[in-house]
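Chains as they are written, first to last, in the numbering used here: chain A, 25 to 345; chain B, 87 to 280.
No lab work stands behind these hints, which were simulated from the structure alone.
Beta carbons are placed, not taken as given, at the ideal position from N, Cα and C, and that holds for glycine.
Some clues are possibly wrong.
Pair ranges (Cβ atoms, derived) [to be verified]:
#1 A:155 with B:150: 47 to 53 Å
#2 B:95 with A:59: 48 to 54 Å
#3 A:61 with B:95: 46 to 52 Å
#4 A:296 with B:277: 52 to 58 Å
#5 B:277 with A:213: 46 to 52 Å
#6 B:259 with A:318: 46 to 52 Å
#7 A:157 with B:258: 33 to 39 Å
#8 B:259 with A:155: 40 to 46 Å
#9 B:277 with A:135: 29 to 35 Å
#10 A:95 with B:147: 33 to 39 Å
#11 B:258 with A:54: 27 to 33 Å
Covered stretches of chain A, going by a simulated chain B footprint (3 or more residues, C-beta under 8 Å) [unchecked claim]:
#12 62–71
#13 122–129
#14 137–151
#15 182–193
#16 212–223
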Amino acid sequence: MKYGYYPGCSMEKNARAYHTSTMAVTKPLGIELVEVDDWNCCGATEYIAINKIPAYALVSRNLALASEQNGSTNLVAPCSACYLNLKKVDHYLQEDAEIKEKVDIALDAGDLKYEPGSINVQHLLETLYLDIGVEAIKEKVKKPLHSLRVAPYYGCLVPRPGNMDSFDDAEHPTSMDKILDALGATVVEYPLKAQCCGGHMTQISEDTALELIRRLLKNAVDNGADMIATLCPMCQLNLDAYQDAVNSHFGTKFKIPIVYFTQLMGLAFGFPANELGFGQEIISAKPALKKITAEAPKPERTRERGKKSSALPMPTMLEEG
Amino acid sequence: MTDTVSSRPPTLMDKVIADTPGKAENLYACLQCGTCAGSCPSGPDMDHSPRSIFAMIDSGLEEEVLMSNTPWYCVSCYYCMVRCPQEIPITDIMYTLKRMAIEAGHFKEIDKDKAPEFSETFIDLVENNGRSFELGVIMRHHLRYHPISAVKLATGMGLKMITKGRLDFTPTKIKNLPQLKSILKKAKELGGAA
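Generate the whole structure from the sequences, applying the supplied hints.
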């Protein structure tokens, strides 16, 4: 199936591994990603802070190009911020008549027009989870990631795209968990999986950002993760490139690799690591990847959860003293 | 807006609501329950919690609100927004407060927090290239405003990013830059800043 593809600026260099692995894994799943020609930056979280109408017009140019070029009503964005901005602008163009009127005039100055609501903006995880489905992903697995303990990290904008509906739960998302489980990995449950990585705070107040990063790393490590899987270039950058800064700031010794979930899908699909952008992460994923075993590990439970015998916690008799 | 609102001079709250898209009028119904403050990951570093800011907006404390670092410390995580029982678009209101602060000329006072400068540097690059070049934005921001931290960055994390081939030095330019520039120029004429 054909989809419009909006890579976003990060994918060109910093998050090249995400782009490469996305291209590798979508193909066998029957997804054809057609890049929007001449797309521009979405403005991240910066433009809207300075100039409202230009910020909306900036994003609208991409929506207009996508609807004009691709012949697909679906537009896939792998970056959380790009996804949010595209979705949010499309949403407010439908909801706010004044913004729509002004954006229409601005687009017209560039001989473009866009009909709000005509493009369905999706995050890549959404496309894989909803359109393709966990079962179809499972069918493509050739080398399961047995024994690899992966903490899925969702960040903010995918589970919580503002006040718009999301395909997953706002506070306890599970879509990536299910995909990682289908890959044969051991999914690590940890409470902070949808908390903030600090976003651009590393540039504004490093102390604030480092504390947010520290909490996430600690929570994933405390729950036994070998690595963290992300779905956003900003989250990857903060958790990976600032891990050393966290260690020197707090005297911690974190050394947990941060990879894109698509890289793990690629490995399980049987692609060699070097075709999936492995090696571009600052904290090397190599030692963790060596933990992958041919056989599935015995099911383990660190905590007894959801026992079916009773709905309420009840006192139990000790067996054999 | 309702008749009651239009029949009196606009209050600070009216102004904030008017410039925020979506159901911003829900701010009139803020319960002061503090769910936003309790959900905010950067709350401890803010001058005033989001809840306090809304009380201050209600009280018309314009200067205090616009001088506050609160909106600049908002990380846009949307926790407050999905939890707010009154469905106030809190994150969007924070963006409005940033724009109002810049408009009101409080840019310099908030200078210490580096935030408006970072946004300006970022936008400057986007307007002139059509693309941002991620870490390049960071370097330029630090070189221009914080040379000492730029050196630290360049020799530390920056160097590692270069070794990994993840750092760009030159921005990619889009092909139809004149088109983007005409769109943005027109958009600014139509009421850019708050």
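Verification of the supplied hints:
Taken as a hint, the range 47 to 53 Å holds for the pair residue 155 (chain A) and residue 150 (chain B), whose Cβ atoms sit roughly 49 Å apart. The supplied range of 48 to 54 Å is met by residue 95 (chain B) and residue 59 (chain A), whose beta-carbon atoms lie about 51 Å from each other. Between residue 61 (chain A) and residue 95 (chain B) the Cβ separation comes to about 49 Å, which falls inside the hinted range of 46 to 52 Å. Taken as a hint, the range 52 to 58 Å holds for the pair residue 296 (chain A) and residue 277 (chain B), whose Cβ atoms sit roughly 53 Å apart.
Range check, residue 277 (chain B) to residue 213 (chain A): Cβ separation about 48 Å, and the 46 to 52 Å hint holds. At roughly 49 Å, the beta-carbon separation of residue 259 (chain B) and residue 318 (chain A) lies within the given 46 to 52 Å, and the hint holds. Restraint check, residue 157 (chain A) to residue 258 (chain B): a C-beta distance of roughly 35 Å satisfies the suggested window 33 to 39 Å. Between residue 259 (chain B) and residue 155 (chain A) the beta carbons are some 33 Å apart, a value that contradicts the proposed interval 40 to 46 Å.
Between residue 277 (chain B) and residue 135 (chain A) the C-beta distance comes to about 22 Å, which lies outside the given range of 29 to 35 Å. In this structure, residue 95 (chain A) and residue 147 (chain B) break the distance hint of 33 to 39 Å, their C-beta atoms being roughly 53 Å apart. Checked against the hint of 27 to 33 Å, the pair residue 258 (chain B) and residue 54 (chain A) passes, with Cβ atoms roughly 30 Å apart. Against chain B, the region 62–71 of chain A contributes 9 residues with a C-beta closer than 8 Å to a partner C-beta. That satisfies the three-residue criterion, and the hint holds.
Given as covered by chain B, the region 122–129 of chain A passes the check, having 4 residues with a CB less than 8 Å from a CB of that chain where 3 are the minimum. Only residues whose beta carbon comes within less than 8 Å of a beta carbon in chain B count, and the region 137–151 of chain A has 0; fewer than three means the coverage is violated. Counting residues of the region 182–193 of chain A whose beta-carbon sits less than 8 Å from any beta-carbon of chain B gives 4, enough to reach three: the coverage restraint holds. Counting residues of the region 212–223 of chain A whose CB lies closer than 8 Å to any CB of chain B gives 4, which reaches the minimum of 3, so the coverage claim holds.
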